[in-house]
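Chains as they are written, first to last, in our numbering: chain F, 438 to 846; chain A, 438 to 846.
Hints listed in this document are in silico derivations from the structure and should not be mistaken for laboratory results.
Warning: the hint list may mix true and false statements.
Remember, identical chains collapse to one label, so a pair may be satisfied in a single copy or spanning two.
[Unchecked claim] In silico SDA-like pairs for lysine to any residue, Cα to Cα no more than 20 Å straight-line:
| # | residue 1 | residue 2 |
| --- | --- | --- |
| 1 | Lys-792 | Asp-549 |
| 2 | Lys-543 | Glu-587 |
| 3 | Lys-792 | Arg-529 |
| 4 | Lys-792 | Val-559 |
| 5 | Lys-792 | Val-441 |
| 6 | Lys-685 | Ala-575 |
| 7 | Lys-685 | Ala-816 |
| 8 | Lys-543 | Asp-778 |
| 9 | Lys-792 | Asp-548 |
| 10 | Lys-792 | Arg-531 |
2 protein chains.
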Amino acid sequence: MAAVSPLAPERFPELPPIGGVSLASAHCGIRYKERTDLMLAVVAPGSAVAGVFTRSLTPGAPIDWCRRALRRGRARAVVVNSGNANVFTGQRGRDAVTATVAAAAKVFDCDDREVFVSSTGVIGEPLDAAKIVAALPATAAAARPDAWAEAALAITTTDTFPKGATRRVELGNRSVTINGIAKGSGMIAPDMGTMLAYIFTDANIAVTALQPMLAAGNERSFNSITVDGDTSTSDTLLLVATGKAGNKRITRADDPALRAFRRALDEVLIDLAQQIVRDGEGAEKFVTIEVSGAASPAAARRVGLAIGNSPLVKTAIAAGDANWGRIVMAVGKAGEKADRDRLSIAVGGVQIAEKGGPVPGYDEGPVARHMSGRDIRLAVDLGIGRGRWTVWTCDLTHRYIDINGSYRS
Amino acid sequence: MAAVSPLAPERFPELPPIGGVSLASAHCGIRYKERTDLMLAVVAPGSAVAGVFTRSLTPGAPIDWCRRALRRGRARAVVVNSGNANVFTGQRGRDAVTATVAAAAKVFDCDDREVFVSSTGVIGEPLDAAKIVAALPATAAAARPDAWAEAALAITTTDTFPKGATRRVELGNRSVTINGIAKGSGMIAPDMGTMLAYIFTDANIAVTALQPMLAAGNERSFNSITVDGDTSTSDTLLLVATGKAGNKRITRADDPALRAFRRALDEVLIDLAQQIVRDGEGAEKFVTIEVSGAASPAAARRVGLAIGNSPLVKTAIAAGDANWGRIVMAVGKAGEKADRDRLSIAVGGVQIAEKGGPVPGYDEGPVARHMSGRDIRLAVDLGIGRGRWTVWTCDLTHRYIDINGSYRS
Numbered sequence: 438m439a440a441v442s443p444l445a446p447e448r449f450p451e452l453p454p455i456g457g458v459s460l461a462s463a464h465c466g467i468r469y470k471e472r473t474d475l476m477l478a479v480v481a482p483g484s485a486v487a488g489v490f491t492r493s494l495t496p497g498a499p500i501d502w503c504r505r506a507l508r509r510g511r512a513r514a515v516v517v518n519s520g521n522a523n524v525f526t527g528q529r530g531r532d533a534v535t536a537t538v539a540a541a542a543k544v545f546d547c548d549d550r551e552v553f554v555s556s557t558g559v560i561g562e563p564l565d566a567a568k569i570v571a572a573l574p575a576t577a578a579a580a581r582p583d584a585w586a587e588a589a590l591a592i593t594t595t596d597t598f599p600k601g602a603t604r605r606v607e608l609g610n611r612s613v614t615i616n617g618i619a620k621g622s623g624m625i626a627p628d629m630g631t632m633l634a635y636i637f638t639d640a641n642i643a644v645t646a647l648q649p650m651l652a653a654g655n656e657r658s659f660n661s662i663t664v665d666g667d668t669s670t671s672d673t674l675l676l677v678a679t680g681k682a683g684n685k686r687i688t689r690a691d692d693p694a695l696r697a698f699r700r701a702l703d704e705v706l707i708d709l710a711q712q713i714v715r716d717g718e719g720a721e722k723f724v725t726i727e728v729s730g731a732a733s734p735a736a737a738r739r740v741g742l743a744i745g746n747s748p749l750v751k752t753a754i755a756a757g758d759a760n761w762g763r764i765v766m767a768v769g770k771a772g773e774k775a776d777r778d779r780l781s782i783a784v785g786g787v788q789i790a791e792k793g794g795p796v797p798g799y800d801e802g803p804v805a806r807h808m809s810g811r812d813i814r815l816a817v818d819l820g821i822g823r824g825r826w827t828v829w830t831c832d833l834t835h836r837y838i839d840i841n842g843s844y845r846s
Numbered sequence: 438m439a440a441v442s443p444l445a446p447e448r449f450p451e452l453p454p455i456g457g458v459s460l461a462s463a464h465c466g467i468r469y470k471e472r473t474d475l476m477l478a479v480v481a482p483g484s485a486v487a488g489v490f491t492r493s494l495t496p497g498a499p500i501d502w503c504r505r506a507l508r509r510g511r512a513r514a515v516v517v518n519s520g521n522a523n524v525f526t527g528q529r530g531r532d533a534v535t536a537t538v539a540a541a542a543k544v545f546d547c548d549d550r551e552v553f554v555s556s557t558g559v560i561g562e563p564l565d566a567a568k569i570v571a572a573l574p575a576t577a578a579a580a581r582p583d584a585w586a587e588a589a590l591a592i593t594t595t596d597t598f599p600k601g602a603t604r605r606v607e608l609g610n611r612s613v614t615i616n617g618i619a620k621g622s623g624m625i626a627p628d629m630g631t632m633l634a635y636i637f638t639d640a641n642i643a644v645t646a647l648q649p650m651l652a653a654g655n656e657r658s659f660n661s662i663t664v665d666g667d668t669s670t671s672d673t674l675l676l677v678a679t680g681k682a683g684n685k686r687i688t689r690a691d692d693p694a695l696r697a698f699r700r701a702l703d704e705v706l707i708d709l710a711q712q713i714v715r716d717g718e719g720a721e722k723f724v725t726i727e728v729s730g731a732a733s734p735a736a737a738r739r740v741g742l743a744i745g746n747s748p749l750v751k752t753a754i755a756a757g758d759a760n761w762g763r764i765v766m767a768v769g770k771a772g773e774k775a776d777r778d779r780l781s782i783a784v785g786g787v788q789i790a791e792k793g794g795p796v797p798g799y800d801e802g803p804v805a806r807h808m809s810g811r812d813i814r815l816a817v818d819l820g821i822g823r824g825r826w827t828v829w830t831c832d833l834t835h836r837y838i839d840i841n842g843s844y845r846s
């Protein structure tokens, strides 16, 4: 793993055990020499599962499988390998998924469709599933309820730190826990999907409530981040509910009892999404872009992502330059309703442009100090309507080019 | 001007004089200290003019003016300054355009709407039009028919070489000439517009034929290039026809007599568009992306631009890595119909991936040699339909970040 991102959290958070979930990692030698590359999550029989996947039109074989398996709505195991994405690998790729799923179903004596698989790493190289199949029984035997950190580590690729988040919340007079782990650093511009993220809870919630809740939370978290505008072929977000907390089963997403749970779930999703941005390839600054005054929330998000994806905005931020002219450019290219003469822009809380021009004599000192820091806040008001959205991104630095010019070699 | 791009043509081409066109440049001190920053093209009274402009929703004040003036379809002068884009400058920006236009109209004793203006450079700083107004009379007096190279130089910003192209063609038994100059290096992702490009011809063609011909030519040239996916607020393409060649006036774009002229015009447009890519900020490789087998030509272009805009594809090319997995990713995110199992990819003429997987045992030697060169050819066949399009781009290198982290300082 490369030098840890300067934006990384101080440490991996303490993720408590969750009833009905145990984890393990292993080294099965897919690509990396001296680190783990296989993650296994075993969940209690009967666990409900919801999922959101990449909208890429060239998805990997594991995505095709997960979409099919998800129709059943039950999970028993999640098997993830790093080092090879099993994408654009044709029939061999499909065979690799089939072999992995069958082997896991045998180990856990469950239906094939209760096994979810993900692969992340290089695209286009055949995945040797035999290595995973061979490692599965011993890995399953080693699964423990407290192996969150090592599970998070096993799924990383160009990440510089493992990513986890946890919340505890009351649900129907029971205390329930939500734990999540995620990976991601480059090829991050999720589009109705995410990078790899796995959320587990002991809450007793049926798929009928789980899926809409996850899809909604995904919009304001993973679908609101970008590192480089490149959408992965493998984006996967799974939420597994074991029901072991023993609360009265909840079957509807609009059940008022879910309010606190939903908020906690959203927090976990946003926390993990932000960690992915904080580990953006080459990132040295974390950027929050708040767009308001748009024609709709969706318009605000598109404008925010246009700003967050602009290489000119991102290189200016890397250089500590409050170059709001480039923000204007990005707003203009977003294709959403905008009026140059109503637009206003604030950097670090200081209004620097409004009504079609720079604010005369604004105080440049605090803006320059803000831009030299790690946490950059841009606020753009379009002055058109009431739509607002927040997008997170990072700057574009020389290290992005270093990392991506040498990833395969 | 920075070190000349390694992809630059050997020299600025010999642009012959065109009846009814004279040019001049001047230093009026808008931003640069020791170079020209004002370009003036004077054209014969009654010249017809066609134009295409940025689709940005935050265009500069000069764009607003040109759109208005174009309705009249007549040109007498084109005034272009570099160093300041006059974008997001509010009422002061509009006033600067009005002052410049009025001064030029007075010098040439013409209607305001026969004066076209462009500005390129930093966004958001007030443009001091008084400097341009003061310089105009002497600049006009100095205009000559052979000043193409200095005109092309005066409009550059981060460009490392001036850009020009010329063709001569028969039209109605007369020999007519088409000359074009252009500028552009970063913020290049024209969307129904271009960077700054000015085409002049002595052909006698009415606006009714000129405008549709220019709009069509623009699609396959400037609208098919990208450097960084950032669409400028100032993109402008003008075509002026003085009629001095004396051919019988042509009034319809579908006039068969125009066939050779149209082909020559397209060549000039593509030549200039490619020169802009060859001067892409930090570019070290020129990349041609041929997409075929798409559902439609428009779909092929969108897929081509998704590949050409992908920072992961562009950094791989910079590193000489034939990373076709990233091309698959970019095809997948383009949002156009694609089928992983029908996709095929060739690099430098060597088929390396087909039918959902890598070509077994393809010869890596020629591919590696091709990738180490300056001219990279990618061919992607989607295997869906008959739509094809060619897109040009460049690689993404450290110098892009250097240039854009320091442009304002």
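Verification of the hints:
1. Within a single copy, Lys-792 and Asp-549 get their C-alpha atoms no closer than 60 Å, and across copies no closer than 27 Å, so neither meets the 20 Å cut-off.
2. When the C-alpha separation of Lys-543 and Glu-587 is checked against a cutoff of 20 Å, the pair qualifies neither within a copy, at 24 Å, nor between copies, at 76 Å.
3. When the C-alpha separation of Lys-792 and Arg-529 is checked against a cutoff of 20 Å, the pair qualifies only between copies, where the shortest distance is 12 Å, while the shortest distance within a copy is 58 Å.
4. Only between protomers do Lys-792 and Val-559 lie at most 20 Å apart by alpha-carbon distance; the minimum there is 18 Å, versus 47 Å within a single protomer.
5. For the homomeric pair Lys-792 and Val-441, neither the shortest alpha-carbon distance inside one copy (42 Å) nor that between copies (39 Å) is at most 20 Å.
6. In this assembly of identical chains, Lys-685 and Ala-575 lie within 20 Å of each other by CA distance neither inside one copy nor across copies; the values are 36 Å within and 86 Å between.
7. Taking the shortest alpha-carbon separations for Lys-685 and Ala-816, neither the intra-copy value of 43 Å nor the inter-copy value of 58 Å comes in at or below 20 Å.
8. In this assembly of identical chains, the alpha carbons of Lys-543 and Asp-778 never lie at most 20 Å apart, being 65 Å within a copy and 30 Å across copies at closest.
9. For a Cα distance limit of 20 Å, the shortest separation of Lys-792 from Asp-548 qualifies neither inside one copy, at 61 Å, nor across copies, at 31 Å.
10. Taking identical chains as interchangeable, the C-alpha atoms of Lys-792 and Arg-531 lie at most 20 Å apart only when they sit on different chains, with a minimum of 13 Å there against 56 Å within one chain.
Hint check: violations occur at hints 1, 2, 5, 6, 7, 8, 9; the rest are consistent with the structure.
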